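Numbering (our numbering), first residue to last: 1 to 201.
Source of the hints: derived by calculation from the structure; they are not laboratory data.
As the structure is a prediction and not an experimental result, all values here were calculated from the model.
Note that CB positions come from ideal geometry on N, CA and C, so glycine has one too.
Warning: the hint list may mix true and false statements.
Beta-carbon label-pair distances, calculated as ranges [stated by the list, open to error]:
| id | residue 1 | residue 2 | range |
| --- | --- | --- | --- |
| 1 | 176 | 110 | 30 to 36 Å |
| 2 | 52 | 161 | 29 to 35 Å |
| 3 | 169 | 119 | 25 to 31 Å |
| 4 | 180 | 37 | 16 to 22 Å |
| 5 | 188 | 114 | 27 to 33 Å |
| 6 | 180 | 36 | 29 to 35 Å |
| 7 | 101 | 54 | 30 to 36 Å |
| 8 | 33 | 63 | 32 to 38 Å |
| 9 | 184 | 107 | 18 to 24 Å |
| 10 | 194 | 107 | 26 to 32 Å |
| 11 | 191 | 83 | 17 to 23 Å |
| 12 | 45 | 81 | 30 to 36 Å |
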Amino acid sequence: MADLLAPTAARAAPDPVVAAPAEPPAPVAALSGATTAEIQRVLAAFAERRRREGFRIAGVVEESEGCAEGCERLTLRCLTTGERVSISQNLGRESTACNLDSSGLAAACGLVQAAIAAGADLVILSKFGKIEADRHGLTEAFQAAIAAELPVVTSVAPTLAEPWDAFAGPLAVAVSADDAALEAWWDALRAAAGSPPPAVV
């Protein structure tokens with residue numbers, strides 16, 4: 001009571017309130033909520049913006065084009081070398097089988113792993129699909145990026161949410177497939193790391 005009645009200047013100053021540091025965002029961003037074509041555009045544009053800032057990019061984005069037989073031909077473009085790797089087999093117009101070429105996926109995965117080993121700041125992988133859910137395809141590239149503690153951006157279909165969660169767990173966060181949302185995740189990640197972008201050379 002005596003302290004409460006003391007002159008203001010004589011009272012002990014209250015301890016300053018220190019805000020708890022914000023939790024850093026998960027280092028793996030999983031895009032969803034748009035068409036495959038739009039998601040791949042967002043990934044490619046994000047990679048190009050980071051490249052212009054001087055970041056070293058490892059990864060692949062998916063590109064597609066029609067073929068004479070009426071099918072869709074898919075390629076993965078390496079974001080380090082620009083090399084395009086076909087991941088489609090020509091099974092003919094009437095085929096209903098999956099036309100993904102596992103050897104092409106393995107080759108693309110190897111390109112990403114080599115880029116990570118050579119030194120990278122960011123890894124962008126076209127998607128975590130059914131093949132990755134079965135631990136094939138780009139799985140080893142995902143694992144190499146996570147082992148190197150690099151930020152990763154990918155895409156995951158809602159139908160694969162359960163195997164994706166089993167694979168990535170708390171390391172991943174869902175991000176809307178649009179430029180602004182992805183930039184917000186990246187800005188928060190960089191702010192938490194306390195690292196400015198590298199100098200453009």
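So, going through the hints one by one against the coordinates:
1. 176 to 110: 30 to 36 Å: With Cβ atoms ~31 Å apart, the hint holds.
2. 52 to 161: 29 to 35 Å: holds, 33 Å
3. 169 to 119: 25 to 31 Å: Given about 26 Å between the Cβ atoms, the range holds.
4. 180 to 37: 16 to 22 Å: Given range 16 to 22 Å: holds, Cβ gap about 19 Å.
5. 188 to 114: 27 to 33 Å: With a Cβ separation near 30 Å, residue 188 and residue 114 satisfy 27 to 33 Å, so the hint holds.
6. 180 to 36: 29 to 35 Å: violated, 20 Å
7. 101 to 54: 30 to 36 Å: This hint holds: roughly 34 Å between Cβ atoms.
8. 33 to 63: 32 to 38 Å: At 21 Å between Cβs, range violated.
9. 184 to 107: 18 to 24 Å: violated, 34 Å
10. 194 to 107: 26 to 32 Å: violated, 37 Å
11. 191 to 83: 17 to 23 Å: violated, 34 Å
12. 45 to 81: 30 to 36 Å: With Cβ atoms ~19 Å apart, the hint is violated.
Checked against the numbered hints listed earlier, the structure breaks hints 6, 8, 9, 10, 11 and 12; every other hint is satisfied.
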